[in-house]
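These are the residues of each chain, in order.
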Amino acid sequence: MAKQRMKFTFPTELIKEPVIWRLGRDFELVTNIRRADVTDDRGWVVLELDGEMDEIERGVRWVVDQGVRVDPVAGDIVEG
Amino acid sequence: MSFARNLRCRECGRVYPTDPMHVCEFCFGPLEMFYDYDALRRTLTRERIERGPPTMWRYADLLPADADSAVDIGTGMTPLLRASRLGRELGLERLYVKNDCQNPTWSFKDRVVSVAVTKAREFEYDTLACASTGNLANSVAAHAARAGMKAMVFIPADLEVGKIVGSAVYGPTLVAVDGSYDEVNRLCSELSDKYPWAFVNINMRPYYAEGSKTLAFEVCEQLGWQAPDHCLVPLASGSLYTKIYKGLKELAWLGLVEWRATRMSGAQALGCSPIVEAWERQSFDIKPQKPSTIAKSLAIGNPADGYYALKIMSQSGGHGVAVTDDEVVEGIKLLAQTEGIFAETAGGVVVAGLKRLARQGKIGPEELVVAFITGAGLKTQEAVAPALEPSLSVQPTMASFEDALSERTGALPATK
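Line order of the protein sequences matches chains V and E. Residue numbering for the first sequence follows the numbering used here, beginning at 1 and increasing consecutively. Residue numbering for the second sequence follows the numbering used here, beginning at 1 and increasing consecutively.
Keep in mind the hints are simulated off the structure, nothing from the lab. Just to be clear, a hint being listed does not mean it is correct.
Unchecked claim - Selected chain V positions facing chain E (in silico; Cβ < 7 Å): (1) 34; (2) 46; (3) 76.
Remember, it's a predicted structure, so these values are computed and weren't measured experimentally. Don't be surprised by glycine CBs; every beta carbon is placed ideally from N, CA and C.
In isolation and in its complexed conformation, chain V is listed as follows:
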């Protein structure tokens, strides 16, 4: 089992979609929200995903495909 801490950033059109609920329902993952800031036109959620590494990667790919930006909690790691 693995745990991954991530930041999801939602575009306006996905604010009302239950993306995190579906991630927990459709994949073998436990989602654990730690911090969030959501308004009517944008939002971000810092959360932990708990599950097998393959399943985390599959779930994250699905989230990205929905149009959500997924980043490490530390922000961009690749530096100049």
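Position chain E relative to chain V; hints supplied.
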């Protein structure tokens, strides 16, 4: 000796021991280094600092590691030059340039990596790691060699060969990742969770970032123990900018300089300017961007410290400025042709930003301004080469030379 006491969450304030960790276990907020400032106030003097080594480690009391154990390849105490010719061009009477091109791997990254590798060795890691397209990779590879540690350096698969040499020569394991920028980010985050490596800007980040404070310390010492009125700093993750401000505040708290309410301005390239874009919207909400600029050393689309940088910009009365790639090239040339300093693209961003802010009256002509030039131009020659005048091609005869020169300049110089 180090007066480092604990790590604190920048969001919820929870306190942690000085372990290799970077986010709060409760809210996943970033952790920040705190020191015993009361003890520092009793111990630290200008004279104590001046007796230290001629490197950044003269400020070890304000870093999270001891100078005796430092992995030091001679970083810091880079020149602070009075830039009179550039200042005249821009209408700034008291302009200084902090030339951090002169570090051992030719960028300010040596400051942060020196602290990170020192802590990594203290934590008994045997491997240093990073993901980088340039300056950071060079510095991590060099410091790992000096420390006798292994280095894992992750680079994008499409990185030019010339950029790899400056890292490969030190003997790291170079891993070219065939994926998008975001995928490389996520992979490195997963790797840092799985492998017992000191990832300099992930699990070492609270320590790593502290190294940037030494730029502020040096500037104040080199100005005769006074703080500048205004700083202009290149913005990538925002870490350098926030730590320069922290350094200025620490010196003032400790009574080593008088507090001057230094204004902190930051510059980005327009093609990757998430912090300045938020600044212009008067918002603290950073919208991540896909970078598209020649200023690759600043190309961080989702800056970890962007929010904190915006808070300082707002509180200090500074400004955010974003410049085009053409302005970046002109900035590189202007600095080179007025002060003899060949900076990489980040330096071009700073000089172009300085020009814009001065013209708009956002930097006063009488202010004591310090522009931070953070990396050397030989690393990014391709950015500026097409904009330079080609050399004169002549035959080895006086006539050929004089023909070519008069064609170029319109006249020949006076003879003896």
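Comparing the hints with the structure gives:
1. 34: 5 Å, holds
2. 46: At about 5 Å, which falls below the 7 Å cut-off, the nearest Cβ of chain E leaves the hint on residue 46 of chain V intact, so it holds.
3. 76: With Cβ-Cβ at 5 Å, under 7 Å, it holds.
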